[in-house]
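Peer 1: Given chain A, work out where chain B should sit, using these hints.
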Amino acid sequence: MRSHDEAQRALMLALQRRLDRRLLLRSSAALLGGGALASLLAACGGETTEEGGGASGTPATSASPAAGGASPTAAAQPSPATGGQKGGVLRVAIIGEPPALDPTFTTATITSNITWHMFESLFTRDASFSPKPMLAESFEFQNDNKVLVITLRPNIKFHDGRPVTADDVIASLTRYSQLSGRGKNFFTRVANLDKVDDTTVRFEFNEPTGIAPVFLAQVDAMIIPKDLAEAYPDKELGEYIGTGPFKFKERLPDRHISLVRNDDYVPLEGAADGYGGARVPYFDEIRFIPVPEQAVRGDGLVTDEFDFAEQLSLDNYDAFTAEPDLGLQVTLPYYFYGAHFNKSQESIMSNLKLRQALLAAVEMDPIAKAGFSRSEFYRLYSSMSAPETPWHTEGGAEYYDQKNPEKAKQLLQESGYDGRPIRWLSTKEYSYNYNMALVLKQQLEAIGAVIDLQVMDWATLVKTRSQRDAWDIFITGHESYQHPVLQPYMNETWPGFWSNARRDELLQQLMGETDEAKIKELVTELDKVWWEDAAMIKVCEGATLRGYRTRLKGYANLPDWFFWNCWFEE
Amino acid sequence: MTAYILRRLIMAVPVMLIVAVTTFLLLHMTPGDPVAVLLGPDATTEQIEQLRDQLGLNDPVHVQLARWFTGLLRGDLGQSIFLNKPVTEAILERLAPTLELSILASLVAILIGVPTGILAAIRQGRLLDFGSMLVAMVGISMPTFWLGLNLIFIFAVSLRWLPPQGYQPFQDGLWENLSRMILPAVTLGAGQGAFLARMTRSVMLDVLSEDFVRTARAKGLSEPRVLLAHVLRNGLIPVVTVVGLTFAILMGGAVVTEQVFNIPGVGRLLIQAVLRRDFPLVQGIVLLIALVYVLINLGIDILYAFLDPRIRYA
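Protein chains in written order, with our numbering: chain A, 11 to 580; chain B, 112 to 425.
So that you can see chain A by itself, here it is in the shape it has in the complex (with noise of 0.2 angstroms):
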């Protein structure tokens, strides 16, 4: 009956999603005809998402009219944190329902961005993404790095009107250590963590850990009630009880989650910085709305049913730009994007001159291009770290964009490559992943190597890249404005499994180091051994689309978005 077509239709459509289509809708159009047509089809061109519900936003100065032209933003701006106007309710459409409402129990991007307007840590990151205090009002080192003294500023407040004090901060950190996997690697350091009065701890780590602030200034270190953190243990929060500018106000699933201000919130003195400095609540309501339709997305910010909207498509950049009173960001630093190897002795790719013989063989433009289509929104450069951040480096610069492959076919050889299939996971859910996987296989396959490309869902590709045996690339994104000791990749149990003991060392220096030089000159080889080590096919930095209606002020353009000092202008 056709009603069940439907139906298997519909399942087929959702797993095949956007991209497929646009192809039917194209098809659909070449049929019919049909002048409105074409139009449609630039409302409905193909999307580029992260994965894992991933995604980052990032305010700007003053909401930049599209006409005006939204160029990548180099740096985070310092936004203005007063002189706005309270009131309103702010709509943003987010890409869809988020796994939890606790950044500790879940690692997907956009939990800890909506939940940060609730939950705040010890520290934050400022302008060059490095950390900052932010419930903490002092810090100091002692011993060589092996003591930490946080002192937290006075009066601070939970939204349920209790005092933050020491006693919160320990049980809120056991938790951290417990649930969240940056948890627990950080922990593995801490002999002891002590309460020295009611408004200091102290931590006594095992080794030098210079590292702390970066570990602390994450939403996953959030600080929360000592009974609340007592009461979820080991699994998700059921309350939500921060120190944040907004409070949780309710959360319907698929309908909406619902935060107020917080208007008891005491904003640091001085300026914003980055997501440091002063934070300053001025809507009366923030509401995310789950939108996993990239199209009605976009839809719905031109038609004003939202004020923001994130990961909108590239390909109707130009579209959204003759729209008036739609302002746009294309937000760079954001992903890195590239081909990990499966590094366990299981796979075919344990074999390193396999690896640099493939690594060898690219050009990195081609396939920059088929995952985020035009020039201005992505970037080519080896380092891990974003140009923006401390950590940015030259390091192994020389393996990247060889475009040799004759030097390719010769490490091939050596390798011992028997032209056994390279299995290749990929899915279409996210396009860049698929487009990318695309090119990539055709200039490896231009060398030799035989690719296997293993089209599946998101659901599917996780499991299976987790199996240690069942693949040999996979291509994935990584915050480039992370501190490269919290890439994941650098566990051995994160899929591609990459160990290595030049690289370990590394790491442990740099987890002990304070010394800002000596920081650099680590993780410039951390670089070069990543890239000696052929890891991954680093390909480039992507940029994502986000749009607003330009009544929104305050908005900064840093890759993840926030909307603190942000409100409407009358």
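Hints were generated in silico from the structure; no laboratory data involved. Being a predicted model, the structure only gives us computed values, none of them experimental. Accuracy of the hints is not assured; some may be wrong.
Claimed, not checked - Label pairs and their calculated CB-CB ranges:
#	chain 1	residue 1	chain 2	residue 2	range
1	B	Leu218	A	Glu240	51 to 57 angstroms
2	A	Thr503	B	Gln165	17 to 23 angstroms
3	A	Asp207	B	Ala207	34 to 40 angstroms
4	B	Asp187	A	Pro243	53 to 59 angstroms
5	B	Met112	A	Asp314	51 to 57 angstroms
6	A	Arg384	B	Leu406	34 to 40 angstroms
7	A	Pro431	B	Pro197	43 to 49 angstroms
Claimed, not checked - Computed list of lysine to aspartate or glutamate pairs in DMTMM-like fashion (alpha-carbon distance at most 25 angstroms, straight line):
#	chain 1	residue 1	chain 2	residue 2
8	B	Lys196	A	Asp244
9	A	Lys245	B	Glu334
10	A	Lys167	A	Asp328
11	A	Lys259	B	Glu204
We put the CB at the ideal spot given by N, CA and C, even for glycine.
Peer 2: Relative to the frame of chain A, chain B by itself:
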């Protein structure tokens, strides 16, 4: 009649059991890991394994099936992995938009389909017949999402008459609610309406050629009376079947429409549950859809007896 209904309900039990077991096994044969999706892209293998253990996902399939089944017998559909709440509650929360959409879409289908079918039958072989059947053919062939996107483009983005997406409950105002339901209801109802039009036409043509119609006309009844009192009443039975099934199909088939119009209903919940491999939730929704089919079929059969006095259930 009561005995008949009871018997039908008892017969529904094995149907539901088969649906339940098949869904469970099919889902567990599908690759994909709900926990990996839940914990996000940067989660480590240990974290994933730890939570899988907690949720019992590492147990053998027959153990999981037994556990789920025991719950089912107590009326407990289990806990949604992703939403962290009981499956029953998750489904009930989304039932209102889907029910409303299905009812409105059925209304659209009936309002388009039945009159068009009747007119086409009366004017058989004339321009009206050809024209309406051509339109119906196009309507049947048109994919729902394609129609939906066109309607959004024309009425929401270009003309700005109606909002392109979302759902507002009745409590927020009737127009707020209806304005967001018009486009999805037309999108979903148009295809079914076209189907219904063809069905009504062919049934009406069959009845029109019956002897009793000729007799009715011969005894001098007015044409409207012949049509309404004799032809339509007799033609209604198959039409009712189709309308009933249409409603069941719409309940399950609102999936695409809910996705395109961003309506937080059961269809969208199902899609997301599948994509996230939220096993208990998918199982719960599929069971619900099966139950709706069973009940609607029963309802149709009961309705037959009222429409046609010749039909009696012993």
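Peer 1: Would you mind marking each hint as holding or not holding in the structure?
Peer 2: Taking the hints in turn, this is what the structure says about them:
At about 53 angstroms, the CB distance of Leu218 (chain B) to Glu240 (chain A) agrees with the hint of 51 to 57 angstroms. Separated by about 18 angstroms at the C-beta atoms, Thr503 (chain A) and Gln165 (chain B) satisfy the suggested range of 17 to 23 angstroms. For Asp207 (chain A) and Ala207 (chain B), the Cβ-Cβ distance of about 53 angstroms falls outside the hinted range of 34 to 40 angstroms, so the restraint is violated. Between Asp187 (chain B) and Pro243 (chain A) the Cβ separation comes to about 26 angstroms, which falls outside the hinted range of 53 to 59 angstroms.
As the Cβ distance of Met112 (chain B) to Asp314 (chain A) is approximately 55 angstroms, the hint placing it in 51 to 57 angstroms holds. Checked against the hint of 34 to 40 angstroms, the C-beta distance between Arg384 (chain A) and Leu406 (chain B) comes to roughly 54 angstroms, which is inconsistent with it. Between Pro431 (chain A) and Pro197 (chain B) the beta carbon distance is about 45 angstroms. The supplied range of 43 to 49 angstroms therefore holds. Straight-line distance between C-alpha atoms of Lys196 (chain B) and Asp244 (chain A) comes to about 17 angstroms, which keeps the hinted pair within the 25 angstroms bound.
Restraint check: the Cα-Cα separation between Lys245 (chain A) and Glu334 (chain B) comes to about 72 angstroms, which exceeds 25 angstroms; the hinted pair is violated. Simply put, Lys167 (chain A) and Asp328 (chain A) have alpha-carbon atoms about 46 angstroms apart, too far for the 25 angstroms limit, and the pair is violated. Between Lys259 (chain A) and Glu204 (chain B) the alpha-carbon distance is near 18 angstroms, which keeps this suggested pair within the 25 angstroms criterion.
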